[in-house]
Amino acid sequence: MSNERKYLRLLRLNDAHKTRDEKTTRRFSEATPDRELKTLLASWEAPDVPRSLDHHLLTSYRTEQREAAHPPLWRRTLTSSVPIPLPIAGLTVVALVVTSVMLALRPSPVMLEALPVAATRVVEVPVAQERIVTRTVFVEKKERPIRKNERRGAIAAREANTVGDSASRAKELTGYFTRVNMSEFQPANEMKIRVIKGNRSDEK
Amino acid sequence: MTDEKLLHKASRGDEAAFLILYERHRAPVFRFAYRLLGSTELAEDVTHDCFLSLIKRPASFDPQRAALRTYLYAAARNLAGKHFRQHASNTVPIDELLDELRVPENEEPLRQLLNEELSAEVRKAVMSLPPLQREAVVLFEYEELSLAEIALIVGADIGTVKSRLSRAREGLRRSLLHYFKSHRRTATAGRVYK
Chain A
15 MSNERKYLRL LRLNDAHKTR DEKTTRRFSE ATPDRELKTL LASWEAPDVP
65 RSLDHHLLTS YRTEQREAAH PPLWRRTLTS SVPIPLPIAG LTVVALVVTS
115 VMLALRPSPV MLEALPVAAT RVVEVPVAQE RIVTRTVFVE KKERPIRKNE
165 RRGAIAAREA NTVGDSASRA KELTGYFTRV NMSEFQPANE MKIRVIKGNR
215 SDEK
Chain B
4 MTDEKLLHKA SRGDEAAFLI LYERHRAPVF RFAYRLLGST ELAEDVTHDC
54 FLSLIKRPAS FDPQRAALRT YLYAAARNLA GKHFRQHASN TVPIDELLDE
104 LRVPENEEPL RQLLNEELSA EVRKAVMSLP PLQREAVVLF EYEELSLAEI
154 ALIVGADIGT VKSRLSRARE GLRRSLLHYF KSHRRTATAG RVYK
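Chains as they are written, first to last, in our numbering: chain A, 15 to 218; chain B, 4 to 197.
The shape of chain A in the complex, shown without the other chains (with noise of 0.2 Å):
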């Protein structure tokens, strides 16, 4: 019985190896080319490497040396650095933090209430026209120094005439009299006078 079981487990195991083989196999053949596929393709060389890439390569190693041993200026400038002593530098981050905390614990400015944006309206409103009218007013400075034949005449006509006391009297008064006819004159609805002074004679 013992030696049965031996024997069993002897062809499992003898089994078990031939299928890790097998596996083993497919796996190699798998990876690995046929003979004859591998043999065809090494009918094609490669060309030998070129001596003017040897010699364009070792060119371009020398201009590369050249350039990191003596860099262009724009990038030395980007490059460069300058020593600081500890302290100072240790001063200077200090600096920085707090005015950084500073600024960022500083109250924010109040926020102004946003104003309702007024919406703009074009409303056409009629106007009553003025009527402007204009008359025109002569004015007689100054009476001329009358002789007296021609005063009396003139007292005489002014008796006759129909123009009342009060002219007289401003004349007496002013020394001068506003000569207006009144006849065939209607007045206006609404008067607006307008004084004209010689001078202003373009005026309307």
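It cannot be assumed that every hint is accurate.
[To be verified] Mimicking PhoX-like on lysine-lysine, the simulated pairs with C-alpha atoms at most 25 Å apart in a straight line are:
hint: 1; chain 1: A; residue 1: K52; chain 2: B; residue 2: K127
hint: 2; chain 1: B; residue 1: K85; chain 2: B; residue 2: K59
hint: 3; chain 1: B; residue 1: K8; chain 2: B; residue 2: K59
hint: 4; chain 1: A; residue 1: K52; chain 2: B; residue 2: K165
hint: 5; chain 1: B; residue 1: K85; chain 2: B; residue 2: K127
These are computed hints drawn from the structure, not numbers from a lab.
Got chain A sorted already, so can you dock chain B onto it with the hints?
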């Protein structure tokens, strides 16, 4: 001296160290670039840029992650990828392919002619593969790198690399069907039976 030490010295202006480093790795990098791009000029440009970028930025190479050659392959691959993106149609004219063929000269004329033809066909077949499959074939078949190394270079897992490799081989077998001995034998047998 290790690659890391040489690189360190070269980046500090040691020309001799740079030359040793370049001599060590130039051929595989150039071959890889050439087989990817199918042109000597382009391969030259890629190899040049590859080494120059290494010297300019030596810190970009991490020896803990991969060997320097793996790093250079990856850099060459990236530069070739840039070229593929710039020139969407990456097919090389067949005349150019034939011009650049390299066959040993000390062979018999007929054998030489046959080898030239075979070489041109193989090259055409490899160049007709999509870039990702092509790089897998070139790194595995020509540069004889392991799947893990290829996975590291192309930035994919091993399974992906395997599947690309498998598809590339299928494509190559299809393209080069007439050059397989087994196929010729089958074809001849077919003719005899008829």
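Holds or violated: K85(B) to K59(B), with C-alpha atoms at most 25 Å apart
holds (19 Å)
Does the alpha-carbon distance linking K85(B) and K127(B) stay inside the 25 Å limit?
holds (22 Å)
Just to be careful, I want the Cα atoms of K52(A) and K165(B) compared with a cutoff of 25 Å; is the pair within it?
Holds: K52(A) and K165(B) sit about 16 Å apart, inside 25 Å.
Distance restraint between K8(B) and K59(B), which requires alpha-carbon spacing of 25 Å or less:
holds (16 Å)
Hey, K52(A) versus K127(B), does the alpha-carbon distance stay inside 25 Å?
Given that 25 Å is the threshold and the Cα spacing comes to 16 Å, the pair holds.
The earlier numbered hints are all upheld by this structure, with none contradicted.
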